[in-house]
Amino acid sequence: MNDNNIRRKFEKIIKKNKFENISFRIENKIFYLDGKVSSYNDFLKIGALIVKERNIEGVVNNIEYPNKKKIKKINGIKNKIDKVDVVIIGGGVTGSSIARELSKYKLKVILVEKSSDVACGTTKANNGIIHTGIGEKMGTLKQKLCVKGQQNFKKITDELNVPYKQNGMMIITTKDTLVKIKVPSFIKNFFSKRIIPIIVLQRGKKLGIPLNIVNKKELIKREQNITKKALVGIYSPTYGITSPYLFTIALVENAIENGLKLMLNTEIIDILTKENKVKSVVTKKGIIETKFVINAAGLYVDEVADMAGAREYTIHPKKGATLIFDKNTCKYLNHSISMLRFPRKEHYKGGGIMTTIDGNIQWGPTILETPDKEDTKVTSEDIEDIFQSYSPLLEKFPKKSVITYFTGLRACTFTEDFIIKASKKIKGFIHVAGIQSPGLTAAPAIAEMVVDILKNEGLKLERKKNFNPHNKKRIVTTNLSNEEKNKLIEKNPQYGEIVCRCELITKGEIINEIHSKIPALNIDAIKRRTRAGMGRCQAGFCLPKIAQIIAQETGIPIEKILKNEEKSYLFIGRAKCLLEDKYDKN
Amino acid sequence: MTKIDVAVIGGGPAGLAAALKASEKADVMLLERDKELGGILPQCIHEGFGNIILKKTLTGPEYAQHYIDKIKDSNIDIKTGTNILEIDANKNIIATNSEEGIININAESIILAMGCREKTRFQILIPGTRPAGIYTAGTAQRLINIDGLMPGNRIVILGSGDVGLIMARRFTLEGGKVEGVYEITSKPGGLTRNVVQCLDDYRIPLYLSHTVTNIIGKKRIEGVTVAKVDKKMKAIKETERFVPCDCLILAVGLTPENELSKQVDIKIDERTKGPIVNEKMETSVSGIFACGNVIHVHDLVDDVTISAEKAGESAAQYGKEKPKITEKIQVVAGDNVEYVVPQIINRRDLDSITLYFRVKKENKDAVVVVLDGNKKIVEKNERIVKPPEMLKVTLSKETLIPIVQNELKVNVWSKNE
Numbered sequence: 001m002n003d004n005n006i007r008r009k010f011e012k013i014i015k016k017n018k019f020e021n022i023s024f025r026i027e028n029k030i031f032y033l034d035g036k037v038s039s040y041n042d043f044l045k046i047g048a049l050i051v052k053e054r055n056i057e058g059v060v061n062n063i064e065y066p067n068k069k070k071i072k073k074i075n076g077i078k079n080k081i082d083k084v085d086v087v088i089i090g091g092g093v094t095g096s097s098i099a100r101e102l103s104k105y106k107l108k109v110i111l112v113e114k115s116s117d118v119a120c121g122t123t124k125a126n127n128g129i130i131h132t133g134i135g136e137k138m139g140t141l142k143q144k145l146c147v148k149g150q151q152n153f154k155k156i157t158d159e160l161n162v163p164y165k166q167n168g169m170m171i172i173t174t175k176d177t178l179v180k181i182k183v184p185s186f187i188k189n190f191f192s193k194r195i196i197p198i199i200v201l202q203r204g205k206k207l208g209i210p211l212n213i214v215n216k217k218e219l220i221k222r223e224q225n226i227t228k229k230a231l232v233g234i235y236s237p238t239y240g241i242t243s244p245y246l247f248t249i250a251l252v253e254n255a256i257e258n259g260l261k262l263m264l265n266t267e268i269i270d271i272l273t274k275e276n277k278v279k280s281v282v283t284k285k286g287i288i289e290t291k292f293v294i295n296a297a298g299l300y301v302d303e304v305a306d307m308a309g310a311r312e313y314t315i316h317p318k319k320g321a322t323l324i325f326d327k328n329t330c331k332y333l334n335h336s337i338s339m340l341r342f343p344r345k346e347h348y349k350g351g352g353i354m355t356t357i358d359g360n361i362q363w364g365p366t367i368l369e370t371p372d373k374e375d376t377k378v379t380s381e382d383i384e385d386i387f388q389s390y391s392p393l394l395e396k397f398p399k400k401s402v403i404t405y406f407t408g409l410r411a412c413t414f415t416e417d418f419i420i421k422a423s424k425k426i427k428g429f430i431h432v433a434g435i436q437s438p439g440l441t442a443a444p445a446i447a448e449m450v451v452d453i454l455k456n457e458g459l460k461l462e463r464k465k466n467f468n469p470h471n472k473k474r475i476v477t478t479n480l481s482n483e484e485k486n487k488l489i490e491k492n493p494q495y496g497e498i499v500c501r502c503e504l505i506t507k508g509e510i511i512n513e514i515h516s517k518i519p520a521l522n523i524d525a526i527k528r529r530t531r532a533g534m535g536r537c538q539a540g541f542c543l544p545k546i547a548q549i550i551a552q553e554t555g556i557p558i559e560k561i562l563k564n565e566e567k568s569y570l571f572i573g574r575a576k577c578l579l580e581d582k583y584d585k586n
Numbered sequence: 001m002t003k004i005d006v007a008v009i010g011g012g013p014a015g016l017a018a019a020l021k022a023s024e025k026a027d028v029m030l031l032e033r034d035k036e037l038g039g040i041l042p043q044c045i046h047e048g049f050g051n052i053i054l055k056k057t058l059t060g061p062e063y064a065q066h067y068i069d070k071i072k073d074s075n076i077d078i079k080t081g082t083n084i085l086e087i088d089a090n091k092n093i094i095a096t097n098s099e100e101g102i103i104n105i106n107a108e109s110i111i112l113a114m115g116c117r118e119k120t121r122f123q124i125l126i127p128g129t130r131p132a133g134i135y136t137a138g139t140a141q142r143l144i145n146i147d148g149l150m151p152g153n154r155i156v157i158l159g160s161g162d163v164g165l166i167m168a169r170r171f172t173l174e175g176g177k178v179e180g181v182y183e184i185t186s187k188p189g190g191l192t193r194n195v196v197q198c199l200d201d202y203r204i205p206l207y208l209s210h211t212v213t214n215i216i217g218k219k220r221i222e223g224v225t226v227a228k229v230d231k232k233m234k235a236i237k238e239t240e241r242f243v244p245c246d247c248l249i250l251a252v253g254l255t256p257e258n259e260l261s262k263q264v265d266i267k268i269d270e271r272t273k274g275p276i277v278n279e280k281m282e283t284s285v286s287g288i289f290a291c292g293n294v295i296h297v298h299d300l301v302d303d304v305t306i307s308a309e310k311a312g313e314s315a316a317q318y319g320k321e322k323p324k325i326t327e328k329i330q331v332v333a334g335d336n337v338e339y340v341v342p343q344i345i346n347r348r349d350l351d352s353i354t355l356y357f358r359v360k361k362e363n364k365d366a367v368v369v370v371l372d373g374n375k376k377i378v379e380k381n382e383r384i385v386k387p388p389e390m391l392k393v394t395l396s397k398e399t400l401i402p403i404v405q406n407e408l409k410v411n412v413w414s415k416n417e
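Taken in sequence, the protein lines are chains H and G. Those letters in the first sequence? Residues 1 to 586, per our numbering, in order. Those letters in the second sequence? Residues 1 to 417, per our numbering, in order.
Don't take each hint at face value.
[To be verified] With a straight-line Cα cutoff of 16 Å, these simulated EDC-like cross-link-like pairs (lysine to aspartate or glutamate) come out: (1) H:Lys331 x G:Glu259; (2) H:Lys491 x G:Glu99; (3) G:Lys79 x G:Asp34; (4) G:Lys218 x H:Glu566; (5) G:Lys234 x H:Glu384.
Simulated from the structure, these hints should not be mistaken for laboratory data.
Only chain G is shown next, with the shape it has when bound in the complex (with noise of 0.2 Å):
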């Protein structure tokens, strides 16, 4: 049985920005199942990371690596190749690696950063055969950044997700034709900047309101069906058109990975699909954090590093003071507010926190209310509000103090209302 204050579980950029956090004030170990830390940065090879907290925009493996060479600096026991098998709320954790076959690890505090995985064709039901030649966007950026492999050359993608923009630019770049982008809702579903930079720039078409109704084709797909949707997002079928292709890439959404959370019983938000944490990035089990995109997805990784140092200096804190039972004040969405994180904040020792959210529907001159019972604690402006951008709302210790209520409300008004 190893000993441990910290074990971080996932070396993707929520678990690296944790571990180097933590192992200033503790011994930390870093768990990684695949054989390199990173997680998905290393085949994100676009630019666009770091904007926010390092004042300069990296490409994905530029921006891992910053983290990584700072990691192998530290006293950090990394652990990659290493996947984990159990754990438990008295946090033991039992993992296996090749070259120590079962480890038995018991932890002070844990922090969970697995991050997120894509949704599949089958979890949004679509239609027809199953042929080869259906990949997630994840996995075909992946086979072309890392392994070298061309998915497909006629391509159809599904969803217009960040990640789902990115490949339509990278597969054009490699030479394939990207039939077109659909998107069922009627507004994209990345950020701005990557619909333009994406897709506007390189001429590729972007249909809106439609969806895949149809897969067909027995060994290698030779096609889709496409069709327009209606208000209820049902296709509509006299809309319905053939579209040939040899590849399918589905960017239809990420799901944070919480099978472990589950194994400890962790309460999990329904919206995030994530743990609730409070500000310290607590969840419902004492002593087990969470950070990253566990917790909810995010658009940027500048914002999966700050939550991960949140994490990884409250874990490395924990067990060190008796901790004092304190009221909660619970963090509700309110109007237009998809979700809130953290969804808890302690009375105690507060002091200034960020709230992150995002909205339902998108909205001009907005203003983001905090609400304390009825009383406007903050406001503040935002030019625009879309779904696919988060949010986020600063707190100050001098605003948080005289909080009457239990309970804050966020809410995004229209001005004009």
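In isolation and in its complexed conformation, chain H is listed as follows (with noise of 0.2 Å):
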């Protein structure tokens, strides 16, 4: 179809669905929409509306919606503060991927960071499972990278030391998999034990993943809580599952040790460019100098593709609640389940009952479009949503043992594919754009393809002689014998001392921390990277006890210790503060 059949088709859409005062033009087939509805879900429809059409690559939707929130712009960053071969924006897992794969090369490389630690935004959330590609569109890039990830998988958890698990997935079909659907339930059964598992194998066949059919027998007998209604399971034994944060903060980490430079706390503001090529990068802390610029800004993508003026794209987040049960939980199922429901929402996978890579038990997440990119809020709807989407899988399952919920935001496209290319307006601007899942598993596969393009657009890439892939492994107390322990004891004797009681983390894992290549120095980034706090007191025993350890390892006041970012202080000051300050005023 070309422009003008386009725009005729879209005319004529917007007409019988009422939309007034929408404008549009088609440039290098990206479609940008103008104008003004009355809620943020027309604003939503309209920019899905086109998407269907192969022509179309991205949709930018400016379209104005009641309360949208304003892009504050800051000025009057001057200072030059380095000059480098590529600034990354963003580390999530996609930016860190791209900046270990980039450490590889003879570069001047630096990896810019809004939050207080790596992996602080859609990855933190990531339920880490390793997708096979199964459950992606045939024909997508998405699909694409995920297989080709996933086969690197274990390579780069190796390398990296990084905990890493092929457990696999059940995925099964019951009485309801097509319970919407209004046919005779004989039918319905029919199918989805006998066509729906067929249809699977089938493209995993064509893909290469390797599926088994699991009969009902075989299924109760492999996992003795599961529904009766299931009829059906299809064991996908190369799933896999890792620590998302884990796995970021390794690839940061291994960069580090091979050059890369990292600065946290560093917001951008602006990119300047000269005759259509990045100039440079404006922080709120000074100017970087570059050529080029790889936008891996998550949820942020669009608004830093603007800055470039190189938007493509509109982000649309989409939030994804998850419950973690208590690890004595484990017992009640032997493989991570996900459940067939047709017809599908939307570009969602249905979530599942799955294991996390530490043993407890996650259900989620759930799918749900939200206007504001910082809405991690979980709601009593989403908790309602997860208990009833998943506890009729297992219904003995014990389901007050929830010890917490969090709600990360997935960077969703209109086009809802990845978008990975270099900019054809601004030279350099190269679009890492719309990671969503499957985002982790493709990550590695997604930083191979962005060093190609940085080759294609001329960036001089020359191998380094002694770059070192390997991480050194964590020394985690728990993974090891007791004849282990006593020796490490020995040595250091606060591997002995247990600080977080739930998990049993020793105050010696938390000091390496303290003084890694990434130094934590707050609550949670200490959380994300030993367990401490992650058990079923959540931190209620021992986060006074990390405060002091963090103050007395690096000589903050323990006053100042954070929970995470800026101005998520833990205590407003010493006890007897507030006493002062009235005594003061008197």
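Join the two chains into one complex using the hints; note that each chain is given alone, in its own frame.
So, in structure tokens, the structure goes:
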């Protein structure tokens, strides 16, 4: 379909839907929308109208809706702080994978991240599943990179000494798989039991993903607690699990080992260009001169691209809430379980009941549109939704053993596929946008693709001879035998001092992270690296102790220790501080 | 491998009293994960401890010190800063500390005295964000009283359990402003004396049948929404209002800490969340005893001490005489009774025994009736019974010997019925 046809078609659609005041243009296969609507839902609806057309590579949706957040522009930064070959924007798993890949070459690279740590945005709330690609839409870029990334995951996690397990996934159909379809139940059950598995198996064959059918008898043998409504299982042995934040931290630590410069707490405020070429990146801390910028800003890719005048997409975030259960619930299941439901919500694999790499059980994630890129609250509706979706799968599961919950935001574009390419408008600006599930799995493959793009764009790439692919293994005392622990404690008694009683994390492990390549200087940074505070008491007992250890090791006054970001102070001051204030006033 | 008669796990009030009592007749090792003995007591600087057994009103640290002094004079092997990694039914213990590394212990008997832990906002599913400034009441108490750190300035307290009430007063004395104590049930969760002394005396409002429905704030908490609840404890949307605060304190209940008990498959009472014990405080695993808040959450430390002394005495005795196989009498919760401890009485060597229990609902002019089948064996009048206040009834040896049934039922009836 050529542009004129698309135009005509779109005009028809907006007329039919009675949208007024909408204007649009098509430029370089990008669809630009302007105008005004009365709700965010209409904004979403219009944004998605045209994406099924093959000729459209991106939708920039500038339509106004009530209470739309305005982006404030900061000016006045003049000081030049560095000059490098490449600036990577965003320290999520995508930017971090690219940073590590680029650290193999003789280049000067800076990774800038606005938060106080890497893996603090979308990555933090990822469920850690390493997908096979079977659940992705055929022919998409995300499917291709997922399959490729998955094949590399073992190697890369071995190199980086990050926990990774191929624990498989039991995909099931039940009597409720087609519940929303109005045909007699014997037909539904026949389809769910006989036809769907064959379709899934054929897909697997096409993609080279091993799958095997598990009949109901065998399924019940392998999962004693599974619902009686289950019809058949499709076992996918190559599904894996990792820790999304440990993986990301390890990528950056390794990149630093190989020469990367990491700048945390560094927000981007502008990208300067000259004659449609990238010139420099303006951060709150100063200006970095560079010819190449990689936009891996996750939820903020559209705003960053706007700064460079290279916008080809709009992000509409989708929330995903997850419940985490006590480790003692792991006896209720042997595999991660995902149930097929048709029709599917669009661009959603349905979540499931999954184990985490650390042995907790997680339920979720949900999916829900939100206009707010910082909307990480969990609502009672989210919790209700999770219980309703997953408790029918395992009726006996102790639902009351929830120890925490959280919400992550997916950085979705209207085209819903990864957008990884060089900007046609601004030379040196590389888009890495729309990275939603299976972004974690695909990250290594995304990084390789970005390096190829840089090469095509004229960046000179020369391999380092002394590249060290390995990270030192983290000491995790709970993984050691008693003899090994004994030896370790003899050398360093701090490994005998347990700080987090739920997860059995020692003072030695915490101190290691305070002095690591990316120093962990707040409670949550320590938590992500060591698991201290991730157990059933949720840091009730260990938080005061961890704050004290950070204070002792760094000299930061204890009342200044933060939970995570700036202003997330734990204490308002020393005891009596409020009384002193009162006396002063008198 | 260290051999010992009695290993006591936990050096709080229960562990201290159990170890001390056991040490009268046996060699005892006391294992405590903190660096100091006393458990939660050192941070409980308010008074109200010891009225029953020491006949004087002490503060928490004073009450603890009373036992710590005696422990230090005894020949009990004290290991502080020592965490238990594993225990098994053969009474093998693997522990760790920084001086000795991994410690292997084999005990004749074990006393579980790990206490309890606080419920978090997640266990009660409060929606919202996850900012800094949300603490359980016990953590806040530790921060102020031990670490000398102030958790907040404008405080909302959810739950009117004793720790919550005491912290309302504590924050006020520190110059903080307590916006209110919100309680989801229609009655206060703590002892009446605490409602009077901690809230009324300081004019801190108590909102009954209210709960926190949302937590707001990205980095530091900025406020909560609260709402009235209906009879099913569901929030009534129309009554929701915003309360600004920089600190949310949760006093929403305690859970007996039984992770170690579960390692050895000790039978747990669904209602108490603690091990099922007999009159000797022995759990379902022979030679493993339990006492204090591990069994059920107590309101008074004196009762913890009493249960611990019983456990200490029994554990020291364990193995010294062959256990006779005897009939068991089950003690069950009857009308308006939430639970009863101990849950089992052995018929052998029947002695006088005190049953501890809680009611489900408040009742004025009540009568406690213990039934052997249809026969009333004990009746005791209570002017008022409330769920937060633990009740006791003592059965003398004389009343126990003629029992016919293998089940005793404890009921709390209204006199008017």
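Hints versus structure:
Restraint check for lysine 331 (chain H) and glutamate 259 (chain G): the C-alpha separation of about 15 Å stays at or below 16 Å, so the hint holds. Straight-line distance between C-alpha atoms of lysine 491 (chain H) and glutamate 99 (chain G) comes to about 11 Å, which keeps the hinted pair within the 16 Å bound. Annotation: proposed proximity of lysine 79 (chain G) to aspartate 34 (chain G) holds, straight-line Cα distance about 10 Å (limit 16 Å). Taken as a hint, the lysine 218 (chain G) and glutamate 566 (chain H) pair is honoured in the structure, with Cα atoms around 11 Å apart against an allowance of 16 Å.
Proposed proximity of lysine 234 (chain G) and glutamate 384 (chain H) is supported: the alpha carbons are some 13 Å apart, at most 16 Å.
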